[in-house]
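So the sequence lines, in the order shown, correspond to chains A and B. For any residue, its number in my numbering is found by taking its place in the first sequence, counting from 1, and adding 27. For any residue, its number in my numbering is found by taking its place in the second sequence, counting from 1, and adding 27.
Any given hint could be a false lead.
Treat identical chains as interchangeable: a pair holds within one or across any two.
Stated by the list, open to error - Capping the alpha-carbon separation at 30 angstroms, the derived lysine-lysine pairs in DSSO-like fashion look like this: (1) K295 to K256; (2) K293 to K256; (3) K170 to K52; (4) K200 to K85; (5) K120 to K262; (6) K231 to K55.
Everything labelled a hint here was simulated from the structure, so no lab data went into it.
There are 2 protein chains.
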Amino acid sequence: MKKSIVVSISSTKFSALAFKEDFEKSIKKVADLGFDGAELAVRNPKDLKVNDVINIIKENNLEVPAIGTGQAYGEEGLSFSDPDEVIRKMAVKRIKDQIVFASHFNAQVIIGLIRGNIEEGVNRTEGEEWAINCLRKSTEFAKSYNVRLTLEPVNRYESNFINTLSEGIEFIKRVGATNLGLLADTFHMNIEEVSIYDSIIQAKNFITHVHFADSNRWAPGCGHIDFKKVIETLKKINYQGYVSAEILPLPDPNSCARLTIEHLNKIKF
Amino acid sequence: MKKSIVVSISSTKFSALAFKEDFEKSIKKVADLGFDGAELAVRNPKDLKVNDVINIIKENNLEVPAIGTGQAYGEEGLSFSDPDEVIRKMAVKRIKDQIVFASHFNAQVIIGLIRGNIEEGVNRTEGEEWAINCLRKSTEFAKSYNVRLTLEPVNRYESNFINTLSEGIEFIKRVGATNLGLLADTFHMNIEEVSIYDSIIQAKNFITHVHFADSNRWAPGCGHIDFKKVIETLKKINYQGYVSAEILPLPDPNSCARLTIEHLNKIKF
Chain A
28 MKKSIVVSIS STKFSALAFK EDFEKSIKKV ADLGFDGAEL AVRNPKDLKV NDVINIIKEN
88 NLEVPAIGTG QAYGEEGLSF SDPDEVIRKM AVKRIKDQIV FASHFNAQVI IGLIRGNIEE
148 GVNRTEGEEW AINCLRKSTE FAKSYNVRLT LEPVNRYESN FINTLSEGIE FIKRVGATNL
208 GLLADTFHMN IEEVSIYDSI IQAKNFITHV HFADSNRWAP GCGHIDFKKV IETLKKINYQ
268 GYVSAEILPL PDPNSCARLT IEHLNKIKF
Chain B
28 MKKSIVVSIS STKFSALAFK EDFEKSIKKV ADLGFDGAEL AVRNPKDLKV NDVINIIKEN
88 NLEVPAIGTG QAYGEEGLSF SDPDEVIRKM AVKRIKDQIV FASHFNAQVI IGLIRGNIEE
148 GVNRTEGEEW AINCLRKSTE FAKSYNVRLT LEPVNRYESN FINTLSEGIE FIKRVGATNL
208 GLLADTFHMN IEEVSIYDSI IQAKNFITHV HFADSNRWAP GCGHIDFKKV IETLKKINYQ
268 GYVSAEILPL PDPNSCARLT IEHLNKIKF
């Protein structure tokens, strides 16, 4: 298992030199702290100078295990389950751009919030079918780039479908694509899973990426999740991928990264 | 410690005979299962035939430890922190009506969702002051009825202020009323507290009511909260009040009540 932490690229501003420098500093800090990788949260890769990003990652000897895509939902409302077909097409287009971007790093593309919500008045089966069709188009496109997608169950307050790992597995089976895996996020699991550990065991054939955040979404060690036991469980299922800290920038961005690595370093991986 | 469970009175329909019968059945079931009390969730007590409610409770030898008031926020948008003074006044008026209703049962009045949210564009201190003023008016009124209010910290997704017990205590101190206590809800605490148990210990002088729901908001025993340890902690602080199940009606209303009492009966109170 390797360790990473999410770094957000505020893509609209990345062309500004100050922001590039800021990103460079963040990535250097991640490397200095001893992480193996940086997961990148990107709104729109088209706004990025991709070569700059590639070079900064390379210079710091980091990997990019995954690309987070939720900003396009939060800031632009793009989603796989929007009743408007045009919005769904734009969401798929955005994910295709993310797939091309991810292919430079051998990174997975996360399908989290961008799956959207089944809106009021929408038939649930129909809304799910929209999301399934978008996922089929995206995974099909991703195959030619040899990129994997990973579906993230999120808690009930962030989406009204795919909240548990088992719901995620059910959805993955319905999509029927071999390059679609499951993302297990401990913050969401603490709310949604009957047992965090049993759920990991049951999802062993599907998990391709893991997010670590404590029960209050602070760095591991700041809440009441037993990360030692989570890691032991991941070892039991022979998970070889990344555990990636997706946490609130609290008490501040530097401290939360440091607290994460300090807590994880106490645990035998 | 005594045990209760929330029963919702859909007040708009209570005047209809069918609904009264439905309420009567629910209360009888609660009594038959062995609960000591029924917490009543009421939108507007003015819509109720109060004597009918009193009689039904009495006939079943139950107590009413608390009145839930959140429906007025969810369904009517009444809140203590709304920028519109008229809305805040209507919210206080509603809570006054709840206080009169509660006085028939020696019940506490819960200030949960009705405190509202600090809306975008509102200065946080000003928004909190609005809520504090509403709470002062409500507690002052409640004194003449010998009624206590209890402030419920809820998780970040349900309100953007007073999420933890310690934030609740801070707020109670700012209000400065002797008849305002704190409500500890295990579902919210699982998300917000660094340690559920330590938080209870630290809040020992403030807790006047407790909600039990498991980590997934199902009946105790259906998630991963250790209710045995929660009860041991409540005993440590010499808590003498009610633990009241505020849970989702899943897998169905009857089963969740039965599952609650079965799980609690396994634990030494």
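Here's how the hints hold up against the structure:
Proximity of K295 to K256 under the C-alpha cut-off of 30 angstroms is found in both arrangements, the shortest distances being 10 angstroms within a copy and 28 angstroms between copies. When the C-alpha separation of K293 and K256 is checked against a cutoff of 30 angstroms, the pair qualifies both within a copy, at 13 angstroms, and between copies, at 26 angstroms. In the homo-oligomer, the alpha carbons of K170 and K52 never lie at most 30 angstroms apart, since the shortest distance is 33 angstroms inside one protomer and 58 angstroms across protomers. Taking CA atoms no more than 30 angstroms apart as the test, K200 paired with K85 passes in neither setting, with 36 angstroms inside one copy and 53 angstroms between copies.
In the homo-oligomer, the alpha carbons of K120 and K262 never lie at most 30 angstroms apart, since the shortest distance is 36 angstroms inside one protomer and 57 angstroms across protomers. In this assembly of identical chains, K231 and K55 lie within 30 angstroms of each other by CA distance neither inside one copy nor across copies; the values are 33 angstroms within and 45 angstroms between.
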